[in-house]
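Use the sequences and the hints to build the structure in full.
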Amino acid sequence: MAIKKFINLNLKQRLSLKRTEAKKIFMTYLFVIVSFAILQGMSITGTLSSTMEGMLIPICAYSVMAVSLNLVVGISGELSLGHAGFMSVGAFTGTATAILLQNLIPLAPLRLAIAMMTGAFFAGVAGFLIGIPVLRLKGDYLAIVTLAFGEIIKSIFNNFYLGVDDYGLHASMLTDTTNLASGGRMIIQGPIGISRIAKISTFTAGFILLMIALIIVFNLVNSRFGRVFMAIRDDRIAAESIGLNITRFKMIAFVTSAAIAGAAGCLFAMNYSTIFANKFDFNTSILILVFVVLGGQGNMLGSIIAAAALTILPEKLREFADYRMLLYALILIMTMLISNNDGIKYFFQKINPFRKKQEAE
Amino acid sequence: MTFLNFFINGISLGSIYAIIALGYTMVYGIAKMLNFAHGDVIMIGAYVCFYAISRYKLPAFVGVIGAVLICTILGIIVERLAYKPLRQAPSLAVLITAIGVSYLLQNSALLMWSSNPKFFKPIIARGAFKFFDGQLSISHITILTIATCVLIMIALSVFINRSRLGKAMRACSEDKGAAQLMGINVNATISLTFAIGSGLAAIAGALLCSAYPTLTPTTGSLPGIKAFTAAVFGGIGSIPGAFLGCLMLGVIEIFAKSYISSQLSDAVVFAVLIIVLLVKPAGLLGRMTQEKV
Numbered sequence: 001m002a003i004k005k006f007i008n009l010n011l012k013q014r015l016s017l018k019r020t021e022a023k024k025i026f027m028t029y030l031f032v033i034v035s036f037a038i039l040q041g042m043s044i045t046g047t048l049s050s051t052m053e054g055m056l057i058p059i060c061a062y063s064v065m066a067v068s069l070n071l072v073v074g075i076s077g078e079l080s081l082g083h084a085g086f087m088s089v090g091a092f093t094g095t096a097t098a099i100l101l102q103n104l105i106p107l108a109p110l111r112l113a114i115a116m117m118t119g120a121f122f123a124g125v126a127g128f129l130i131g132i133p134v135l136r137l138k139g140d141y142l143a144i145v146t147l148a149f150g151e152i153i154k155s156i157f158n159n160f161y162l163g164v165d166d167y168g169l170h171a172s173m174l175t176d177t178t179n180l181a182s183g184g185r186m187i188i189q190g191p192i193g194i195s196r197i198a199k200i201s202t203f204t205a206g207f208i209l210l211m212i213a214l215i216i217v218f219n220l221v222n223s224r225f226g227r228v229f230m231a232i233r234d235d236r237i238a239a240e241s242i243g244l245n246i247t248r249f250k251m252i253a254f255v256t257s258a259a260i261a262g263a264a265g266c267l268f269a270m271n272y273s274t275i276f277a278n279k280f281d282f283n284t285s286i287l288i289l290v291f292v293v294l295g296g297q298g299n300m301l302g303s304i305i306a307a308a309a310l311t312i313l314p315e316k317l318r319e320f321a322d323y324r325m326l327l328y329a330l331i332l333i334m335t336m337l338i339s340n341n342d343g344i345k346y347f348f349q350k351i352n353p354f355r356k357k358q359e360a361e
Numbered sequence: 001m002t003f004l005n006f007f008i009n010g011i012s013l014g015s016i017y018a019i020i021a022l023g024y025t026m027v028y029g030i031a032k033m034l035n036f037a038h039g040d041v042i043m044i045g046a047y048v049c050f051y052a053i054s055r056y057k058l059p060a061f062v063g064v065i066g067a068v069l070i071c072t073i074l075g076i077i078v079e080r081l082a083y084k085p086l087r088q089a090p091s092l093a094v095l096i097t098a099i100g101v102s103y104l105l106q107n108s109a110l111l112m113w114s115s116n117p118k119f120f121k122p123i124i125a126r127g128a129f130k131f132f133d134g135q136l137s138i139s140h141i142t143i144l145t146i147a148t149c150v151l152i153m154i155a156l157s158v159f160i161n162r163s164r165l166g167k168a169m170r171a172c173s174e175d176k177g178a179a180q181l182m183g184i185n186v187n188a189t190i191s192l193t194f195a196i197g198s199g200l201a202a203i204a205g206a207l208l209c210s211a212y213p214t215l216t217p218t219t220g221s222l223p224g225i226k227a228f229t230a231a232v233f234g235g236i237g238s239i240p241g242a243f244l245g246c247l248m249l250g251v252i253e254i255f256a257k258s259y260i261s262s263q264l265s266d267a268v269v270f271a272v273l274i275i276v277l278l279v280k281p282a283g284l285l286g287r288m289t290q291e292k293v
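Chain order of the listed sequences is A and B.
Numbering follows our numbering, in which position 83 of the first sequence is assigned residue number 83; successive positions increment by one, without gaps.
Numbering follows our numbering, in which position 52 of the second sequence is assigned residue number 52; successive positions increment by one, without gaps.
Incorrect hints may appear among the rest.
[Said to hold, decoys possible] Interface residues of chain B toward chain A, partial, derived using beta-carbon atoms under 10 Å:
#, residue
1, Met-33
2, Ala-82
3, Pro-85
4, Leu-86
5, Val-94
6, Leu-95
7, Ser-102
8, Ser-108
9, Leu-110
10, Ile-225
11, Thr-229
12, Ile-260
13, Leu-273
14, Leu-277
[Said to hold, decoys possible] Chain B residues, not near chain A, derived (Cβ > 12 Å throughout):
#, residue
15, Ala-60
16, Ile-65
17, Pro-122
18, Arg-126
19, Leu-136
20, Arg-164
21, Ala-179
[Stated by the list, open to error] Facing chain A, a subset of chain B residues (Cβ under 7 Å, in silico):
#, residue
22, Leu-34
23, Leu-92
24, Ile-96
25, Thr-97
26, Gly-100
27, Tyr-103
28, Asn-107
29, Leu-111
30, Ser-261
31, Gln-263
32, Leu-264
33, Ala-267
34, Phe-270
35, Ile-274
36, Leu-278
It should be emphasised that the hints constitute simulated quantities derived from the structure, not laboratory data.
Note that the structure is a prediction, hence the values are computed from the model and not measured.
Even glycine gets a Cβ: it sits at the ideal position worked out from N, Cα and C.
Structural data, given as structure tokens:
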């Protein structure tokens with residue numbers, strides 16, 4: 001039972017497995033910390049252009065989104081097409097919390113932290129509720145149902161009204177029947193979303209969130225759970241036959257991923273003065289999927305670099321803005337063809353001058 | 001009477017979904033892949049039809065035939081370039097490629113024809129038959145849609161169950177290796193499946209835009225997803241299942257739109273899909289396949 005041995009490694013085996021893995025993890029942390037230090041230094045000394053400065057927080061948010069989706073797509077091997085839905089849940093609940101706590105907690109970083117935790121909590125709950133039906137399915141069916149859930153979440157937030165006045169919270173669906181007392185404030189206004197958000201997201205907060213996300217994901221991946229995820233991904237039937245509860249382990253990966261995405265959504269939302277549900281649509285889910293696929297499934301550093309590069313690139317190539325999505329589509333198709341077709345893979349290996357020498361087998 | 005009106009509208013919408021879903025379900029049956037780009041082939045077909053009729057003033061049927069031809073060729077090209085190299089790849093890779101193709105088609109359309117909505121001229125004259133002193137009105141396009149759908153459904157069933165090529169298709173969907181050993185050209189058969197599916201998508205595009213006349217580069221994507229939903233609902237791979245699933249989904253959508261809320265109708269449709277998949281994971285008429293180790 002090779003698979004069982006793989007999951008229940010003893011300490012010595014675990015250490016030897018970790019040594020190869022540890023270098024990769026260390027490099028990822030180092031990359032994130034060094035980039036943060038450089039960018040923060042440039043930001044303080046004022047050498048960073050204002051457009052770059054404005055992109056720092058979205059880059060952090062997208063990186064966290066990519067890392068969390070990579071846990072589902074790369075490590076546990078399930079295609080989720082509704083990841084933006086969790087971002088949306090986190091963004092709306094987190095921002096609403098921040099608005100409610102505005103007078104109670106004057107300290108902005110603390111308020112942001114609480115908002116992100118609330119966002120992560122609600123997104124995690126959403127992930128759990130969605131996971132119950134979704135994770136019983138597999139393959140294409142699972143993908144289409146996550147897509148359906150993404151659309152449902154969008155529809156719900158597009159028709160949700162939430163307001164607060166002296167008597168407490170008022171919520172309604174479809175039409176605004178909250179009837180707030182004077183002095184009350186509408187928080188979520190259906191298709192208009194949340195407006196007049198105090199922008200309290202900072203680059204430092206984004207950096208900390210990314211580090212936390214990486215620590216959670218790496219520790220999960222290199223634990224017994226992570227090895228179970230990979231065993232399920234590589235051979236579901238074999239994993240099932242040694243008595244692993246597939247649904248339970250998939251659920252752990254799914255909920256963790258959803259919660260991290262929720263925190264990222266909150267960070268993302270609090271960087272803008274208005275957000276609305278249509279911002280987190282199917283296109284956003286695909287965009288994050290592109291980050292994961294381009295960076296390499298299961299490769300967290302790759303996800304972060306892809307997220308950063310594909311956020312900066314369109315700004316730098318403004319004159320080609322129309323061709324941006326076309327380029328993304330081509331990147332997706334080409335990456336898949338190159339990495340999955342032996343003929344094309346061989347062709348690229350042949351023309352790559354930096355290729356490693358093939359070891360004779 | 002309004003109930004009956006809604007019901008007929010639902011059947012009409014369901015018929016359009018059924019024509020789209022046929023393409024999905026046939027491709028899924030034979031290539032075991034979810035062709036995400038199918039919805040965008042509908043949109044391309046509708047644009048070709050639009051330009052033929054409104055810009056070049058050609059008769060409607062010429063426009064539809066032109067759209068069918070172009071979409072058929074497009075379907076074959078896409079299959080050859082993007083999907084054929086991935087025949088042996090894991091399904092996740094194929095699905096991501098299909099999403100990429102969908103994006104490619106959408107954004108090419110955006111660049112060629114801009115995002116401004118076009119007003120699609122219906123392929124037959126507007127008008128309606130009135131019954132019961134005008135309380136029940138059935139428009140010409142509704143009748144044309146339902147008739148076309150039934151005709152296509154019968155023709156396709158006969159083709160798949162009676163002809164040699166249909167037999168080859170069934171053989172390929174059962175076991176590609178064995179089919180090849182029996183002398184069936186598997187690649188040509190898969191190409192044929194894509195060609196038929198894409199041709200039907202063009203017809204669906206013309207009918208869809210005749211009933212709902214605004215045409216944009218994203219027109220096809222939501223109907224495409226819903227048609228796939230309906231195909232899953234009825235049991236993917238099964239043609240009668242797709243037909244039944246689509247008619248039911250069309251009726252549910254129109255009822256949800258009329259009696260609950262037009263904004264929430266999509267959510268209702270998707271919720272129904274989720275419930276069906278939970279109760280019957282293989283769909284209404286699908287068969288459960290046992291996994292072999």
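Each hint, compared with the structure:
1. Nearest Cβ of chain A to the Cβ of B:Met-33: about 8 Å, under the 10 Å cut. The hint holds.
2. Because the beta carbon of B:Ala-82 sits about 6 Å from the nearest beta carbon in chain A, less than 10 Å, this interface hint is met.
3. With a least beta-carbon distance of about 4 Å to chain A, the hint placing B:Pro-85 at the interface is held under the 10 Å criterion.
4. A hinted interface residue such as B:Leu-86 counts as satisfied when its beta carbon comes closer than 10 Å to some beta carbon of chain A; here the least separation is about 6 Å, so the hint holds.
5. Interface hint at B:Val-94: satisfied, since its Cβ lies 8 Å from the closest Cβ of chain A, which is below the 10 Å cut-off.
6. Given the 10 Å rule on beta carbons, the hint for B:Leu-95 holds: about 6 Å separates it from the nearest Cβ of chain A.
7. At a threshold of 10 Å, the smallest CB-CB gap from B:Ser-102 to chain A is about 8 Å, leaving the interface hint in force.
8. Checking B:Ser-108 against chain A: minimum C-beta separation of about 7 Å stays under 10 Å; hint holds.
9. With 10 Å as the threshold, the beta carbon of B:Leu-110 comes within range of chain A, its nearest partner Cβ sitting at about 8 Å, so the hint holds.
10. Proximity of B:Ile-225 to chain A holds as hinted, the smallest CB-CB distance being about 7 Å (cut-off 10 Å).
11. At about 7 Å, the closest approach between the beta carbon of B:Thr-229 and any beta carbon in chain A falls short of 10 Å, and the interface hint on this residue holds.
12. For B:Ile-260, the interface hint holds, the least distance from its beta-carbon to any beta-carbon of chain A being 9 Å, beneath 10 Å.
13. A distance limit of 10 Å between C-beta atoms decides the matter here; for B:Leu-273 the minimum to chain A is near 6 Å, and the interface restraint holds.
14. Proximity of B:Leu-277 to chain A holds as hinted, the smallest CB-CB distance being about 6 Å (cut-off 10 Å).
15. Taking the minimum C-beta to C-beta distance to chain A, about 31 Å, the non-interface status of B:Ala-60 holds against the 12 Å cut.
16. At roughly 29 Å from the closest C-beta of chain A, the C-beta of B:Ile-65 stays outside 12 Å, upholding its exclusion from the interface.
17. At roughly 29 Å, the least C-beta separation between B:Pro-122 and chain A is larger than 12 Å, which holds for a residue marked as non-interface.
18. The beta carbon of B:Arg-126 is kept farther than 12 Å from every beta carbon of chain A, the shortest such distance being approximately 31 Å.
19. For B:Leu-136, the condition that its CB be more than 12 Å from all CB atoms of chain A holds, with the nearest at approximately 29 Å.
20. The beta carbon of B:Arg-164 sits about 30 Å from the closest Cβ of chain A, which is more than 12 Å, so the claim that it is off the interface holds.
21. Residue-level check passed: B:Ala-179 sits 22 Å from the nearest beta carbon of chain A, beyond 12 Å.
22. Given hint, B:Leu-34 at the interface with chain A, holds; its Cβ is 5 Å from that chain's nearest Cβ, closer than 7 Å.
23. Using the Cβ-Cβ criterion of 7 Å, the hint placing B:Leu-92 at the interface with chain A is satisfied: the shortest such distance is roughly 5 Å.
24. The restraint placing B:Ile-96 at the interface with chain A holds, with a minimum CB-CB distance near 5 Å, inside the 7 Å limit.
25. Because the beta carbon of B:Thr-97 sits about 4 Å from the nearest beta carbon in chain A, less than 7 Å, this interface hint is met.
26. At its closest, the beta carbon of B:Gly-100 sits 3 Å from a beta carbon of chain A; the interface hint therefore holds under the 7 Å criterion.
27. Here the hint on B:Tyr-103 is kept, as its CB sits about 4 Å from the closest CB of chain A, short of 7 Å.
28. About 4 Å separates the beta-carbon of B:Asn-107 from the nearest beta-carbon of chain A, less than 7 Å, and the hint is met.
29. At about 6 Å, the closest approach between the beta carbon of B:Leu-111 and any beta carbon in chain A falls short of 7 Å, and the interface hint on this residue holds.
30. Because the closest C-beta pair between B:Ser-261 and chain A is about 5 Å apart, less than 7 Å, the hint holds.
31. A hinted interface residue such as B:Gln-263 counts as satisfied when its beta carbon comes closer than 7 Å to some beta carbon of chain A; here the least separation is about 5 Å, so the hint holds.
32. Interface hint at B:Leu-264: satisfied, since its Cβ lies 6 Å from the closest Cβ of chain A, which is below the 7 Å cut-off.
33. Annotation: B:Ala-267 was flagged as interfacial toward chain A, and the flag holds, the nearest CB pair being 4 Å apart, inside 7 Å.
34. Checking B:Phe-270 against chain A: minimum C-beta separation of about 4 Å stays under 7 Å; hint holds.
35. Given the 7 Å rule on beta carbons, the hint for B:Ile-274 holds: about 6 Å separates it from the nearest Cβ of chain A.
36. Interface restraint check for B:Leu-278: the shortest CB-CB distance to chain A comes to about 5 Å, inside 7 Å, so the restraint holds.
No hint from the list above goes unmet by this structure.
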